[in-house]
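There are 4 protein chains.
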Amino acid sequence: MEPWRTAIANSDETNIWIRGYDIASLMRKATFADLVFVLHQSRLPTPKERALLDAILVAVADHGAGAPSCAAARLAASGNRESVSAAVAAGVLAIGNEHGGAGADCMAMIAAGVERAQREKISIADAAKRAVDAALAANQRVPGLGHRVHTKDPRVDVLFAMARDAGLAGDGIAFTRALEDALHARGKSIPINVDGALAAVLHELGFAPAAGKFIFIIGRVAGLTAEIAEEHAREQPMRIRIPVAYDGVPPRPLE
Amino acid sequence: MEPWRTAIANSDETNIWIRGYDIASLMRKATFADLVFVLHQSRLPTPKERALLDAILVAVADHGAGAPSCAAARLAASGNRESVSAAVAAGVLAIGNEHGGAGADCMAMIAAGVERAQREKISIADAAKRAVDAALAANQRVPGLGHRVHTKDPRVDVLFAMARDAGLAGDGIAFTRALEDALHARGKSIPINVDGALAAVLHELGFAPAAGKFIFIIGRVAGLTAEIAEEHAREQPMRIRIPVAYDGVPPRPLE
Amino acid sequence: MEPWRTAIANSDETNIWIRGYDIASLMRKATFADLVFVLHQSRLPTPKERALLDAILVAVADHGAGAPSCAAARLAASGNRESVSAAVAAGVLAIGNEHGGAGADCMAMIAAGVERAQREKISIADAAKRAVDAALAANQRVPGLGHRVHTKDPRVDVLFAMARDAGLAGDGIAFTRALEDALHARGKSIPINVDGALAAVLHELGFAPAAGKFIFIIGRVAGLTAEIAEEHAREQPMRIRIPVAYDGVPPRPLE
Amino acid sequence: MEPWRTAIANSDETNIWIRGYDIASLMRKATFADLVFVLHQSRLPTPKERALLDAILVAVADHGAGAPSCAAARLAASGNRESVSAAVAAGVLAIGNEHGGAGADCMAMIAAGVERAQREKISIADAAKRAVDAALAANQRVPGLGHRVHTKDPRVDVLFAMARDAGLAGDGIAFTRALEDALHARGKSIPINVDGALAAVLHELGFAPAAGKFIFIIGRVAGLTAEIAEEHAREQPMRIRIPVAYDGVPPRPLE
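For the protein sequence lines, the chains are Y, P, D and C, in the order given.
Mapping of the first sequence onto the working numbering: residues 1 to 255, in sequence order.
Mapping of the second sequence onto the working numbering: residues 1 to 255, in sequence order.
Mapping of the third sequence onto the working numbering: residues 1 to 255, in sequence order.
Mapping of the fourth sequence onto the working numbering: residues 1 to 255, in sequence order.
Okay, chain Y solo, but in the shape it has when bound:
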C-alpha cells in the first residue's frame, strides 16, 4: 500500500511538527485555540482572531444536559460504563444539520453570497436578497436563522459585538445581517441564531464552510466530557428509561 499523504503532522524519533511548527514551541507559546487555527488554516491567528475563536468554542460547549448531543452521551454512559470514548462518540453523533451543524450550510451560503456580490458587482444586501428569494422559492429554510430555544440567544450579540470591536466585522457578518433584513422585508421576522452568528464570524476568520460543523464539534466535546463525568459520579447505571406510549398493532396471533 502506498503511504497516505498528509500536510498536517509529521514526526521523527525525537520531534513532532504540526503544519511545520515544532510541538515543543507550540506547547510553550500557543493556546488550544491557536492550534485549532493552525490545524485548519496553517497559520497562527492574531490575538483578536484568537479571542473570537475562543469565544465561539466557549459559546457552543454546553447548553444543558437535555440537548440531543448531551442526552445521547448520557444514555451511552448509562448503559456502557466501561468506555468514555463510546459516550463521547454517541454525543458527537447527535450533531448534524438539525443540531449544531447548520453553521456549515450557513457558511456555504455566506461564501457563495459574498463571492456573487464581488463577481456580479452587486451589493452585499442585494446578494442576500437573492439568496433569500431563492430559498423562499424553493420552500427551504435559510440556515442560521430561526431560534430553537431562546427567544433571544445571548450569544449572537456578543459574537457580533466582539467581531466589530476587533475590527473583524466584514462581508460575512454584513451578509448574515442582510439575510435577516431581507426575510423581515418579506414579512418573516426570523432572528439570526447561534449557528448563523458562528458561521458569520468563522467566515470572517477565514475558515472553510465545513468548519461550521467542525468548530461546533470541538467545543461541544468539552461539554460532553463534563456531562459524562457527572453521569458517572452522580447516577446509577441504567437509571435512564424514557417513558413510551405504544400506539401500534394490538396483540395478534402469529400464523
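A portion of the hints provided could be inaccurate.
One copy or two, either will do: identical chains are not told apart, so a pair holds if it fits within one copy or between any two.
What the hints assert, rightly or not - Straight-line distance between alpha carbons at most 20 Å, and here's what the computed SDA-like set of lysine to any residue pairs gives:
(1) 129 with 245
(2) 29 with 51
(3) 121 with 254
(4) 29 with 47
(5) 29 with 42
(6) 152 with 15
(7) 29 with 252
(8) 29 with 160
(9) 29 with 46
(10) 188 with 137
(11) 129 with 118
(12) 152 with 141
In short, the hints are calculated from the structure, not lab data.
Model the placement of chains P, D and C on the given structure of chain Y, informed by the hints.
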C-alpha cells in the same frame, strides 16, 4: 505496510468466500443465522442449533423505544438527520456491561465454572456454589441474574425450553440454573435474566464468551434500524428535549 | 415530558410484543430474517420473501478485512480494547453513500421510476431511459451501477436469479436492468453492482428506500463482529500503524 | 419522567450559565482552556494552570495521520462522505486504554500512591516503589511508562519543565518520576511517555483520574477535524483499501 492477515473472508476478481464457503452457495442455501454461526465458528450449525441462534437474535432485537440503545439512536436521528449510520452507531454505543452486555461476563463465568468442574472433578452444582460464594465474598453481582424490567422475563423460559427440546441443554444451562439455586440457598432470590439465558445457550452452542455481546449487538441493530425509520417517518427533527433540573452553583460573577 | 410514541415494541411485566406479535411465539417460530421483515413491514414474509432477504443479508456481511467498515472496526479494536461496542460502531460509521449505502439512493430512483411509469403510462424501459438521461445531463453517477472491486460481482446474478425463480422479479428488477441497458445504449457499459441488485430486490420485497442502508448495516454488523473477534484473538493492541508520507510545510519557527 | 438533574449548565429564555458563570462573560473573558477547567472543576484556572492545560491539549491534538484514531476517522470519511460527525466519532472510538487512554489509569495510580504516602506516612519514592513492585508481582505494565513511537518523546520534558517553572510540580510529578526510578532500580529502563506526563500534570492541576481520557479526547478531536477536512479536500471517496492476506480455510463445498 505488511498486508493484514485474516481467516474470515477472501475474494478474487469474480469470487467471494466466507470461511472457505463460496458466497453464491451461502446466499442460496444459508440463512443469516447460519452465516453468523459460520463467521464465528467456521462451521454451519445443525438445524436445531440454528433455531436456537435465531431465537436469541429475535429475543434481543427490540424491547421498547425507551431503552438506552433505542433512545440514543433516536436522539442521534433527531439531531443528525443526514446519516442513518450515525444513528445506528449511537444506539450500539449505549450497549455495554450495564445494557445488553452482561452476557459476555456471564459466559466467561460459565466457561470457567464448567472447566473447573471437569478439572477438579466436582459437580456442576458445587462449581456454581463456589462461583457464587466468590462473588458474594468480593461483594460483586453475579452476571446474568437479576431482573431489570420484568418480574419474570418471558424470554428466559422459552430459551431454556427450546434448548431442552433440542437436546442441547448441557452443562452451561445446568451451571446457570445452579447459580440461581446457590443464591437462593444463601437467601437471595434473584432470577436468571435474559442476559444469563442467552449466555447459557450461547455456551451450549459453542460460542466464545465475547459472543455474549456480539450476538446481542447483531440482534439489537435490527431493532435500532426500525426505531430510526420510525423516528424519521413520524417525528420532526429536534423534537426531543429531555427536561432538566439544575441544582448547581447559582449565578455568580466572573472575576 | 410526554411519553414518546411508538408502534414497534410494547411490553408489560411479563410480556413483550413486537408489532403485536408475542415475543415467545416469534422466538419459537420466526427466524431473524422474519423479524427484520416484521420490524420494517409489520408482517411476516412468505418463505420465498424470507429466502431473498436472507440472501441479501448473507451477501453483504463481509467481503474482506480491508474494506473501510472492517478496517475502521479493527483500528478501533486496536486502540480501544475495552469496548467491543465501540469497535462495531466505528465500523458502522464507515458505511455511507460511498460504501454500502448506495442502495438507498438506488431504491429511491427505482421507486420514482416505477411510479413515473405508472403515472405517465410509459414503459419501464422508457422511465429508465429518462432517469439515465437526467443523471447524465446533471453529470451525476447512476447509483447502483459501476463496479468497485469485482469486474463481475458474483452476488448480482445470484440475487436476480433467486428473485426470478421465486416469482418475485417485477418492475424493480426490470427498471434496474433497464438502467444498465440505457447506459449501454449511450455508450457506457457499466454493470449493476451489489448495491443496485440489493436495491432492486428490496424494492420487490416492499421495503422503503431507506432500507437500502439499513439492511446493509444489519448484515455487515455480523461481519464486523467476526473481524473484531479475530483482531482480539490474533493481534496485539496498537499493532496497526498506517504508513504516512508528509508533504506539507517544512519545519519553520514559531513567531 | 423526572427531570434529569445537573450542576453543569442552566438556561432561561435569554440567558445561559455554565457552572453559574454567565455565557456572555465567559465568551468575552475566558479562553477555551478556561472553560474546560470550569466544566470539570467548577472554577477558573490561574494563568499558570491555564497555560499548562493549553500545553496538554496542544500536545495531544495530532501526531500523524496513521495513528489509530486519525486513520479510523479517515476510513469513515472515505466511505461516509455525508456526515463529518460520523468520521469524528469513528476517530474518538479508537481512543481507549491502548491509545490515548492510559493517562486515566496512570492518574488513578498517582492518586492512590500520593494518598497512600500521606496515610501511611511514607515517602513519595517509597509509595512509588510499592506500586511498581505490586505491578511487577501481578505481571502488569505500569501505565504511563514505555514509549510507543518515540525513543524520547519531546512532549514529556516540556510538560515537566513548564510545570516546574510555574511552581506547579508537586507530588504527582514526583511520584511519576519515582515510578521511572523504581523500575530502573529493578533493571527496567522504561521512560515516562506522554500519557504519563499528561497524567502527572493533570493530577497537579486537580483533575480527577477520568480526565486522563477526557482531556486527551478533547485535544485529539481538534486533530481529527483537520484530518477529515484534508481527506475530503485531497482524496477521492473509497480511495482507501487496506491490503489483506487470507490465511484461512481454503475453498470448500457447502453441504
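Status of each hint after checking the structure:
In the homo-oligomer, the alpha carbons of residue 129 and residue 245 never lie at most 20 Å apart, since the shortest distance is 45 Å inside one protomer and 42 Å across protomers. For the identical chains of this complex, residue 29 and residue 51 are neighbours both inside a copy (15 Å) and across copies (9 Å), given an alpha-carbon limit of 20 Å. Taking CA atoms no more than 20 Å apart as the test, residue 121 paired with residue 254 passes in neither setting, with 70 Å inside one copy and 39 Å between copies. In this homomeric assembly, residue 29 and residue 47 come within 20 Å of each other (Cα to Cα) both inside a single copy, at 12 Å, and across copies, at 13 Å.
Within a single copy, residue 29 and residue 42 get their C-alpha atoms as close as 16 Å, which meets the 20 Å cut-off; across copies the closest is 26 Å, which misses it. Proximity of residue 152 to residue 15 under the C-alpha cut-off of 20 Å is restricted to the inter-copy arrangement: shortest distance 9 Å between copies versus 48 Å within a copy. When the C-alpha separation of residue 29 and residue 252 is checked against a cutoff of 20 Å, the pair qualifies only between copies, where the shortest distance is 14 Å, while the shortest distance within a copy is 69 Å. Taking the shortest Cα distances, residue 29 and residue 160 sit within 20 Å of each other only across copies (15 Å), while inside one copy they are farther apart (28 Å).
For a Cα distance limit of 20 Å, the shortest separation of residue 29 from residue 46 qualifies both inside one copy, at 13 Å, and across copies, at 17 Å. For the identical chains of this complex, residue 188 and residue 137 are intra-copy neighbours only, at 14 Å inside a copy versus 36 Å across copies, given an alpha-carbon limit of 20 Å. Taking the closest pair of Cα atoms, residue 129 and residue 118 come within 20 Å of each other only inside a single copy of the chain (15 Å); across copies the shortest separation is 41 Å, beyond that limit. Proximity of residue 152 and residue 141 under a CA criterion of 20 Å is satisfied intra-copy only: 19 Å inside one chain copy versus 44 Å between copies.
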